[in-house]
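The hints should help you fit chains Y and P onto chain W, whose structure is shown.
Residue numbers (my numbering), protein chains in the order written: chain W, 365 to 509; chain Y, 71 to 400; chain P, 76 to 414.
All the pointers check out, no bait thrown in.
Label-pair ranges, simulated between beta-carbon atoms:
no., chain 1, residue 1, chain 2, residue 2, range
1, P, G412, Y, D89, 28 to 36 Å
2, Y, E248, W, K372, 55 to 63 Å
3, W, I405, P, N188, 39 to 47 Å
4, Y, N221, P, A290, 45 to 53 Å
5, P, G114, Y, D246, 56 to 64 Å
6, Y, D89, P, F297, 34 to 42 Å
7, Y, Y212, P, A287, 25 to 33 Å
8, P, G217, Y, K260, 46 to 54 Å
Computed far set for chain Y versus chain P, every beta-carbon distance over 10 Å:
no., residue
9, G90
10, K146
11, E171
12, S200
13, E202
14, N221
15, A253
16, E262
17, A263
18, D267
Calculated pairs, DSSO-like style, for lysine-lysine (alpha carbon to alpha carbon, straight line, at most 27 Å):
no., chain 1, residue 1, chain 2, residue 2
19, W, K509, P, K337
20, Y, K100, P, K409
21, P, K352, Y, K138
22, W, K372, P, K143
23, Y, K142, P, K409
24, P, K405, Y, K75
25, Y, K205, P, K206
26, Y, K188, P, K277
27, P, K206, Y, K190
28, P, K405, Y, K142
29, P, K409, Y, K138
30, Y, K100, P, K405
31, P, K111, Y, K190
32, P, K409, Y, K115
33, P, K337, W, K508
34, P, K328, W, K508
35, Y, K190, P, K231
36, P, K147, W, K509
37, Y, K190, P, K277
38, P, K276, Y, K100
39, W, K403, P, K337
40, Y, K215, P, K276
To be clear, the hints were calculated from the coordinates, so they are not data collected in a lab.
Predicted model only: the values in this text are computed from it and were never measured.
No residue lacks a Cβ here, since even glycine has one placed at the ideal position from N, Cα and C.
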Amino acid sequence: MQVNGEFKPLIVAFCCNWCSYAGADLAGNNRLNYPAEVKIIRVPCSCRVNPMFILRAFQRGADGVILCGCHPGDCHYTSGNYYTRRRMALLFSMLDYLGIEKERTRVEWVSAAEGAKFAATMNDFVEKVTALGENKRLEDLRCKK
Amino acid sequence: MQEIKREDLIAKAAQLLADGTVDRVIGWKKGEFDYDVTPAVFTSKEELENEFVWNDFCGANFSKYLRKEAEKTESKAAVFLKPCDTYSFNQLLTEHKFDREKVYAVGVPCNGMLDDSKIKAAANGISSVSEENGKVAVETLYDGKITLERNEMLAERCVNCKSKKHVAYDELLGEDGEVLDSARFDEVAKIEAMSADERFAFWQNELSRCIRCNACRNICPACTCEKCVFDNPDSGVENKAIADSFEEKMFHIIRAFHVVGRCTDCGECSRVCPQNIPLHLLNRKFIKDINGFYGDYQAGAEAGSRAPIVDFTKEDLEPGEAVERGGENA
Amino acid sequence: MRKISLDKLNQLFAEIASKNSLYIPVDTAAGAKYEKYDGTQTMSDALNTTRSAKDFFFPQTENLVDFKVEGKNIEIKEPVNEYEDFVIFGARACDVKSFEILDRVFLADPVDNFYKNRREHGVVVSMACTKPAETCFCGTFGIDAAAPAGDIVCHKTADAVYFDAKTDKGAKLLESLNALTEDTDSAAVDAQTAQTREVLKKLPLAGLDASAFGADKTMEFFNRPEWQTISESCLGCGTCTFVCPTCQCYDIKDFNTGNEVKRYRCWDSCMYSDFTKMAHGNIRNSQVERFRQRFMHKLVYYPTNNEGIFGCVGCGRCMAKCPVNMNIVKVMRKLGGNK
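In isolation and in its complexed conformation, chain W is listed as follows (with noise of 0.2 Å):
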């Protein structure tokens, strides 16, 4: 989205309960930046993020959709994420061969004690997100302002 002429996107942070988004928290607890355009919408578990989540959160206006989960091996159910990297390297690398920026999806570990990693990941994963621009490949056009 446009604010005073500027470009701002909007990030859907999908986090699990049981590491990133207690990471999240404990950014949050440490006064760590990272930018308000980062919507967190917290999950079980990575595991549960279904790939039309990720395509939903584009068709309602992300330009950024990031995925975050406890370290593999460090899942609270055991092995959910190993199961969400597999799905999301096909699902990331069908939306690179159907011509999307490959930058504008990504999955990221980050623990429960990791608050400055997840601080930092989101600062860079926006940046990035930012210098890519407006989603437009990924884009329902109802769904605009």
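Positioned in the frame of chain W, the structure of chains Y and P alone reads:
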């Protein structure tokens, strides 16, 4: 030209009916023209003799009918399976989609099936299609007889046939073939080699033709959900409207994604598309990626095998790396 | 009757396109399709476009109204539809007949204004067929492919296109093109028409007879056991209904964009599981019932409500596009008893 003759299939079917092995046979039924063949269920020898066909247009995969028939009664149904059909057969077995005990599978060798749309593009007003010295002879209403090269009229999936080997059957007619070293990923690699802008333009052009008829989904042997996510009025996604180009992309990405690791690359989606969208190139991209990322895997090659999408190793590559490597996995 | 030589046809297109939007059939990788003329395309000689011409009057998706909710207020926004004057060039006899079938549905009381507006703004220039395909059976429904209806009727010969205006709207358009066309007699057209009629008689489906079907035959056909067997191959996709020029069922749905709600209508297909789905459930739960509905509608219900006119025009699109080659001809053969 198919190696096994129609008469042999009828004789086999009639024998299975007569000795009580089965009480019905799933086969192909002749239509108005030589090329419009419809899947059908036969219950008597007379029916078979009058209406059964086996020719170069028997491309339809019987998976959907097989599942339906196996659920109907306690008795067995016979089904004719081409090599590629046996992969779908195994895959359905893996997913417990039908009772193996209720099906008698007869393997039939296949020399590749013709694409009637290619013949129609080459000939106006087709009154008959036949085989002549290894070529396709078409009698037309306006230009007399036209002779076409059989190889050029083959369906895309048959040009890139992955296997002539039957991976499942109770009985095999004729000789079994081998798994082939096909060039089926070449087309995918060609698209991968394009720039992102070119790829986007390519798919935008292809997918914008979609009329949301759902034929690709309904024919797909791997689409076995009782209720499709696209048929759920509460999901907020379109199942029939051409509402926005986003919806088409989402439908086709999700359609292909939902059969990842289960798609045997039978090519039915592309065969049935009324708008000639090369849908198999989406499915093949996933297959190619699976092979490149997690090791070669052919869905349906072995009943009971575990698909890579429901499996993992601790050393799997990260999604970020996958995207970087995407195009390089030949 | 007016004529123009073939090499000047593009000039004529340019002239029409300078005043109205002009749509002509163009060959593409996926078969012929109507495209807006921009001076670069050449007209396709294909018999049928892959999708029918009904889209011009009854598009697959159409926005009806938008709602915006803010606090306790609901703002209702009627869409501003600007209807352009347009010309469809080269519609075949079957497609032109389909407009009449749609008219009887959409222009009957209560009139569908969206459809009516488009219909009033469109001029249909039809093209007589000379080489009907093996799948053509418009003759079964009394349509003469050699002499279509339409505002202007065209005949294309080896070197010229002949025009004959049939309505006031057509006469007006044709008159505006007088500078490009010349007056002529109908000899060439008559010869071609006679020739085409001979071809039509020899088509493989020429003997297909619909007389067993028609108005008030519901009880005769509804409970026939054959429905079970012929519907068995049907996959329940919507290909036949979406390429059909006369299928007119639609659904009205809401889409929540996040900012507002868009109410739109889109084509529906009686083959789909959510067709006729209502609060209490679905009245047609099996594919047999859905399959029967489609053909009973075309062959019995529509004629019952419309003075015996059939709801099929014999264009053959469903024959060409059905994934499993099950189509209305096979249904008519099986139930109507004609071989």
